[in-house]
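Visitor: UniProt numbering applies: residue 1 is where the sequence shown begins, and numbers increase by one.
Treat the hints as calculated values from the structure; they're not laboratory data.
Heads up, a few of these hints could be off.
EDC-like, lysine to aspartate or glutamate: derived pairs with alpha carbons at most 20 Å apart [stated by the list, open to error]: (1) K9 with D19; (2) K9 with E36; (3) K9 with E29; (4) K9 with D27.
All figures in this text were calculated on a predicted structure; none of them were measured in a lab.
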Amino acid sequence: MGNRPLPSKLCALCGRPFDWRRKWARDWEQVRYCSERCRRNRSRRRPGR
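With the sequences and hints as input, model every part of the structure.
Guide: Next up, the structure:
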């Protein structure tokens, strides 16, 4: 077992980078937000993003 770097993405709301998690394994392509808080506030995008 080698340690390979985990895939990462930028949150669509806050712009923070976040890494792959096991619970997202099946849905990684659809994951857009770093947290439940960002997902719930998705209609409140930051200006300029």
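Visitor: Each of the hints needs a verdict: does it hold here or not?
Guide: Comparing the hints with the structure gives:
1. For the given pair, K9 sits about 7 Å from D19 by alpha-carbon distance, which is consistent with the 20 Å threshold.
2. For the hint pairing K9 with E36, the CA-to-CA distance comes to about 15 Å; that is within 20 Å, so the pair holds.
3. Taking the CA atoms of K9 and E29, the gap is near 10 Å; set against the 20 Å cutoff, the hint holds.
4. In summary, the hint linking K9 to D27 is supported, as the alpha carbons are separated by about 13 Å, within the 20 Å threshold.
When held up to the earlier numbered hints, the structure conflicts with none and fits them all.
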